[in-house]
Amino acid sequence: GESVGLHLPTLSVQEGDNSIINCAYSNSASDYFIWYKQESGKGPQFIIDIRSNMDKRQGQRVTVLLNKTVKHLSLQIAATQPGDSAVYFCAELQGFQKLVFGTGTRLLVSP
Amino acid sequence: DTEVTQTPKHLVMGMTNKKSLKCEQHMGHRAMYWYKQKAKKPPELMFVYSYEKLSINESVPSRFSPECPNSSLLNLHLHALQPEDSALYLCASSQDGGSNQPQHFGDGTRLSIL
Chain Y
1 GESVGLHLPT
11 LSVQEGDNSI
21 INCAYSNSAS
31 DYFIWYKQES
41 GKGPQFIIDI
51 RSNMDKRQGQ
61 RVTVLLNKTV
71 KHLSLQIAAT
81 QPGDSAVYFC
91 AELQGFQKLV
101 FGTGTRLLVS
111 P
Chain F
1001 DTEVTQTPKH
1011 LVMGMTNKKS
1021 LKCEQHMGHR
1031 AMYWYKQKAK
1041 KPPELMFVYS
1051 YEKLSINESV
1061 PSRFSPECPN
1071 SSLLNLHLHA
1081 LQPEDSALYL
1091 CASSQDGGSN
1101 QPQHFGDGTR
1111 LSIL
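Going down the list, the protein sequences come from chains Y and F.
Per the working numbering, the first sequence starts with residue 1, numbered consecutively.
Per the working numbering, the second sequence starts with residue 1001, numbered consecutively.
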């Protein structure tokens, strides 16, 4: 399943599917990006980050892709599990210390 | 479990009360942050401390007063808050506030203003 972030805030997938969460960022000068997962009643949890000199970075079951030409980030989750259900935020570092979050996408995983 | 600890987890206060939110980290980080998060919205930056000095204030009303007593502790003093200040207040820390460093968040204090 795939979302377009700002235009589709909820992504529903079946367990075992691959999920793709998209994010458009605003500042072409931003050079560091982070994906966070926020479960209900919890704070944002760091998933993976990427610097602007890269276009892809892989972690455990997750991959982040960066397209600087169109200012677009995506988070791919392989073999999505019910425990992946949460709200996912992309964030860009603007300036030296200011982290700006996207609007978020809710991922719902059904068994 | 998060390595950034926030207390209390929940706080209900009246508009005339004075209270404080506390945040502690023992990762040796030298930058600490306060964010405000309204329901179904992303976190929004309020303050940044770097090496115990305030480096960013995002035009936050003076009824919110941050304090960084040492590199492990961050407080947010609250006075004369308004109902619209009800939100989840998140604390975060990073290595030294430089670029290309992830911020690590606590689970927040859920604040309700009566």
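The hints are simulated quantities; they were obtained by calculation from the structure and are not laboratory data.
Among the clues, some could well be false.
Straight-line distance between alpha carbons at most 35 Å, and here's what the computed DSBU-like set of lysine-lysine pairs gives [what the hints assert, rightly or not]:
| hint | chain 1 | residue 1 | chain 2 | residue 2 |
| --- | --- | --- | --- | --- |
| 1 | Y | Lys37 | F | Lys1019 |
| 2 | F | Lys1019 | Y | Lys56 |
| 3 | Y | Lys37 | F | Lys1009 |
| 4 | Y | Lys56 | F | Lys1018 |
| 5 | Y | Lys68 | Y | Lys42 |
Residues from chain F that keep clear of chain Y, each with C-beta distances beyond 12 Å, as calculated [claimed, not checked]:
| hint | residue |
| --- | --- |
| 6 | Val1004 |
| 7 | Gln1006 |
| 8 | Lys1009 |
| 9 | Tyr1035 |
| 10 | Pro1069 |
| 11 | His1077 |
| 12 | Leu1078 |
| 13 | Ala1080 |
| 14 | Ser1086 |
| 15 | Gly1097 |
Stretch by stretch, here's where chain Y covers chain F in the computed footprint (C-beta under 8 Å, at least three residues) [as the list claims (entries may be wrong)]:
| hint | segment |
| --- | --- |
| 16 | 1044-1055 |
| 17 | 1103-1111 |
Note that the structure is predicted; figures quoted are calculated from it, not measured.
Ideal Cβ placement from N, Cα and C applies to all residues, glycine included.
Is F:Lys1019 close enough to Y:Lys56, meaning Cα to Cα at most 35 Å? violated, 45 Å
Could you grab the alpha-carbon distance between Y:Lys37 and F:Lys1009 and see if it respects the 35 Å cut-off? holds, 19 Å
Check the non-interface label on F:Lys1009: least C-beta distance to chain Y beyond 12 Å or not. violated, 9 Å
For F:Leu1078, which was marked as not at the interface, is the minimum beta-carbon distance to chain Y over 12 Å? holds, 19 Å
35 Å limit on alpha-carbon distance, applied to hinted pair Y:Lys68 and Y:Lys42: holds, 31 Å
Does F:Val1004 really sit off the interface, with its C-beta more than 12 Å from all C-beta atoms of chain Y? The assertion about F:Val1004 is violated, with a minimum of 8 Å to chain Y.
Are there at least three residues in the segment 1044-1055 of chain F whose beta carbon sits under 8 Å from a beta carbon of chain Y? It holds: at least three residues are needed, and the segment 1044-1055 of chain F offers 5 whose Cβ sits within less than 8 Å of chain Y.
Confirm or reject the statement that F:Ala1080 sits farther than 12 Å, beta carbon to beta carbon, from all of chain Y. holds, 26 Å
Verdict on F:Gly1097 as a residue remote from chain Y, using beta-carbon distances over 12 Å: violated, 5 Å
The output says F:Gln1006 does not contact chain Y. Does that hold with a beta carbon cutoff of 12 Å? It is violated; F:Gln1006 is separated from chain Y by about 8 Å at its closest Cβ, not greater than 12 Å.
Non-interface claim for F:His1077, where every Cβ of chain Y lies beyond 12 Å: holds, 21 Å
Check the non-interface label on F:Tyr1035: least C-beta distance to chain Y beyond 12 Å or not. violated, 8 Å
Checked against the numbered hints given earlier, this structure breaks hints 2, 4, 6, 7, 8, 9 and 15; the rest are met.
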